[in-house]
Amino acid sequence: MSTRFLTVPGLAGSGPQHWQTIWETQHPDSFSRIEQDSWDWPNRLLWVARLQEIISHLTEPAILVAHSLGCITVAHWAAEFSSPFIEGALLVAPADAELSKRLNFVEGFTPIPLQPISFKSIVVASTNDIYASIRRSKFFADAWGSEFINLGKKGHINAVSGLEDWPEGKTILNQLVSSELAGI
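Residue 1 is where the sequence shown starts when you use the UniProt record's numbering, and the numbers rise one by one after that.
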């Protein structure tokens with residue numbers, strides 16, 4: 001049985017140059033996007049409900065691949081739901097909805113859940129992310145029971161960071177997979 005990957009984008013979704021979209025394009029049989037009705041006006045209840053809707057229909061193992069506010073969506077989902085099919089989560093550049101003035105219009109994402117996540121997870125963060133300090137990202141990783149990886153100065157680890165298909169991210173993702181994926 002092969003592992004599926006569910007990408008969980010953040011605010012505004014992930015555009016064509018974002019590593020999440022590139023991975024989906026490169027591996028359409030393995031990667032599926034959690035689509036939200038409104039990428040520009042995020043609402044926690046709606047975003048978590050959509051994530052749960054997709055997860056509730058899983059019939060095979062899956063790993064969540066989240067970015068930014070998508071990471072906070074996963075944390076809220078994990079605080080409320082569970083699934084035997086979710087084997088892990090790659091949580092990249094979690095957006096600090098509690099402290100970022102740039103996220104003052106997001107609805108319901110605070111307080112950010114701080115209980116341990118019941119499946120293996122890795123938080124990947126940058127020292128110059130405008131949406132969360134490295135210290136807060138490490139705090140989230142510790143609270144969630146996640147492994148923590150500091151990438152150094154990579155901005156918000158998005159398309160603007162110039163990562164393209166982000167080979168380093170694929171290597172990190174493989175740490176969550178039972179057997180390494182050829183070509184990922």
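Because the hints were derived from the structure by calculation, they are not lab data. Hints are not guaranteed to be accurate.
Straight-line distance between alpha carbons at most 20 Å, and here's what the computed DMTMM-like set of lysine to aspartate or glutamate pairs gives [to be verified]:
1) Lys120 <-> Asp165
2) Lys170 <-> Glu87
3) Lys120 <-> Glu107
4) Lys138 <-> Glu60
5) Lys153 <-> Glu168
6) Lys120 <-> Glu80
7) Lys120 <-> Glu98
8) Lys120 <-> Glu60
9) Lys138 <-> Asp165
Numbers of the earlier hints that this structure fails to satisfy, in rising order: 1, 3, 4, 7, 9
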